[in-house]
Amino acid sequence: MNVLSRNYLVACAGFVLAAAAHAAPEPAALVDQHHCMFCHTRDAPFLAPSFQQIAERYRDVPNAQFMLEHKLRLGGKAHWGDTPMPLPADRGGPLSPEDAHTLVQWVLSQ
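Just so you know, the sequence shown maps onto residues -23 to -1, 1 to 87 in mature numbering (1 follows the signal peptide of the UniProt record, and there is no 0).
Careful: at least some of the hints might be erroneous.
Derived DEER-like restraints, expressed as beta-carbon distance ranges [to be verified]: (1) 37 <-> 70: 27 to 37 Å; (2) 2 <-> 59: 12 to 22 Å; (3) 37 <-> 66: 30 to 40 Å; (4) 40 <-> 79: 16 to 26 Å; (5) 1 <-> 38: 14 to 24 Å; (6) 74 <-> 1: 14 to 24 Å; (7) 71 <-> 5: 12 to 22 Å; (8) 79 <-> 52: 27 to 37 Å; (9) 79 <-> 53: 15 to 25 Å; (10) 2 <-> 36: 11 to 21 Å; (11) 60 <-> 33: 12 to 22 Å.
None of these hints come from the bench; they were simulated from the model.
Model, not experiment: these values are computed from the prediction.
Heads up, the beta-carbon is just placed ideally off N, CA and C, and yes, glycines get one too.
Based on the provided sequences and hints, a complete structural model is requested.
If you want it as structure tokens, here you go:
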């Protein structure tokens, strides 16, 4: 098992346990399909900011929901260090507006 696979499995296990304590249910199928956990974790920076860091930064920002949905659907430049949001084709394929909305709502609930 390579380091990325091991880190992914460790992050997933911790993420599942921690997510169970939150009111907003994890959209697990979307998280898996779009490989969110390859770069993010729930509560600690990894290759990208944690979901909690994203929520803290954007939760009360006007139009943040729209901006984050757009970034999920199209990819985007780096706002946290040097790693940009990959293009959808590089992380599981196209993301519908409804699925992007679901994911962003869940992240902002962290």
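- request: Could you tell me which of the numbered hints above are not met by this structure, giving the numbers in increasing order?
  value: 2, 8
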